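Starting from the known structure of chain A, arrange chain B on it as the hints suggest.
Each chain, letter by letter, is given below.
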Amino acid sequence: AQSVTQLDSHVSVSEGTPVLLRCNYSSSYSPSLFWYVQHPNKGLQLLLKYTSAATLVKGINGFEAEFKKSETSFHLTKPSAHMSDAAEYFCVVSDRGGGFKTIFGAGTRLFVKA
Amino acid sequence: GAVVSQHPSWVICKSGTSVKIECRSLDFQATTMFWYRQFPKQSLMLMATSNEGSKATYEQGVEKDKFLINHASLTLSTLTVTSAHPEDSSFYICSARVPLSDTQYFGPGTRLTVL
Chain A
273 AQSVTQLDSH
283 VSVSEGTPVL
293 LRCNYSSSYS
303 PSLFWYVQHP
313 NKGLQLLLKY
323 TSAATLVKGI
333 NGFEAEFKKS
343 ETSFHLTKPS
353 AHMSDAAEYF
363 CVVSDRGGGF
373 KTIFGAGTRL
383 FVKA
Chain B
532 GAVVSQHPSW
542 VICKSGTSVK
552 IECRSLDFQA
562 TTMFWYRQFP
572 KQSLMLMATS
582 NEGSKATYEQ
592 GVEKDKFLIN
602 HASLTLSTLT
612 VTSAHPEDSS
622 FYICSARVPL
632 SDTQYFGPGT
642 RLTVL
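Respectively, the protein sequence lines represent chains A and B. The C-terminal residue of the first sequence carries number 386 in the numbering used here, and the numbering is unbroken. The C-terminal residue of the second sequence carries number 646 in the numbering used here, and the numbering is unbroken.
Derived by calculation from the structure, the hints in this document are not laboratory data. Everything numeric in this text was worked out from a predicted model, so none of it was measured. Hints should not be assumed to be uniformly reliable.
Claimed, not checked - Which residues of chain A face chain B? A partial, calculated answer using Cβ under 10 Å: (1) Asn313; (2) Lys340; (3) Glu360.
Stated by the list, open to error - Covered stretches of chain A, as calculated for chain B (at least 3 residues, CB under 8 Å): (4) 289 to 301; (5) 317 to 328.
Said to hold, decoys possible - Sample of chain A residues lacking proximity to chain B, with all beta carbon distances greater than 12 Å (derived): (6) Ala273; (7) Ser286; (8) Gly334; (9) Phe362; (10) Ser366; (11) Asp367; (12) Ile375; (13) Phe376; (14) Val384.
By construction, the Cβ of each residue, glycine as well, lies at the ideal position given by its N, Cα and C atoms.
Here chain A stands alone, though its shape is the one from the complex:
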């Protein structure tokens, strides 16, 4: 069965410092993995996705994530945080064993301090 665990409910960084949002997954098949961002009272925007091509995936707004099969992780990073990055971030897994149903992590709230 699929599952996804976001290890931190809240992350706080200072503007200009690196961002690390952690995600671990469980999947019986080769999964597709996604990161989405949600600003308050808004829908979700796709940041990036992994689908068994390159393990280092570059997304929008300077974000990237690395798929590590041995660690079953898909952590999201950004070298330098901006105030506009403050939002909720969701890690999502999908695999054919679940009929391509997407499973959402609980979310990580990113706070960016000036």
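Chain B only, in chain A's frame:
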């Protein structure tokens, strides 16, 4: 990326009335759309999977007679909350899956408040 719209963006209604929410894929045809519910400060909860031309598949615990889903065309799915009650107040988000892909694009959400 692909664009998905939702209408209305917010709605306030009286208890006992029905509310319809529309989800449209604007620049692609979506054979599969999804409806989610999100409570404050929580993750998204999948309510149902909507397939064009067939009955929706509801997740366990979701009342199909209360949350009516219709996917009449490749670009439109609707969610009707029937006989709404205050506990139905929530943020409802739809998504559409790109054909031959497992990528979903999300609508901006609809805030429903039932008085």
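Checked hints:
Look at asparagine 313 of chain A: its Cβ gets to within about 7 Å of chain B, closer than 10 Å, so that hint holds up. Violation of the interface hint for lysine 340 of chain A is found here, the shortest Cβ-Cβ separation to chain B being roughly 20 Å, above the 10 Å cut-off. Here the hint on glutamate 360 of chain A is kept, as its CB sits about 8 Å from the closest CB of chain B, short of 10 Å. Counting residues of the region 289 to 301 of chain A whose beta-carbon sits less than 8 Å from any beta-carbon of chain B gives 0, not enough to reach three: the coverage restraint is violated.
With 4 residues carrying a beta carbon less than 8 Å from a beta carbon of chain B, the region 317 to 328 of chain A meets the three-residue requirement, and the given coverage holds. No Cβ of chain B approaches the Cβ of alanine 273 of chain A within 12 Å, the least distance being about 14 Å, so the stated non-interface status holds. Non-interface call for serine 286 of chain A relative to chain B: holds, since the shortest CB-CB distance, roughly 23 Å, exceeds 12 Å. For glycine 334 of chain A, the non-interface assignment is confirmed: its Cβ lies about 17 Å from the closest Cβ of chain B, beyond the 12 Å cut-off.
With a least beta-carbon separation of about 7 Å from chain B, phenylalanine 362 of chain A fails to lie farther than 12 Å from that chain, contradicting its non-interface assignment. Distance check on serine 366 of chain A: its Cβ comes as close as 5 Å (rounded) to a Cβ of chain B, failing to clear the 12 Å threshold; non-interface status is violated. At roughly 8 Å from the closest C-beta of chain B, the C-beta of aspartate 367 of chain A falls inside 12 Å, breaking its exclusion from the interface. At roughly 9 Å from the closest C-beta of chain B, the C-beta of isoleucine 375 of chain A falls inside 12 Å, breaking its exclusion from the interface.
For phenylalanine 376 of chain A, the shortest C-beta to C-beta distance to chain B comes to about 5 Å, within the 12 Å cut-off, and the non-interface label is violated. Once the 12 Å rule is applied to beta carbons, valine 384 of chain A is consistent with being away from chain B; the minimum gap is 18 Å.
Consistency with the previously given hints fails for numbers 2, 4, 9, 10, 11, 12 and 13, ordered from lowest to highest.
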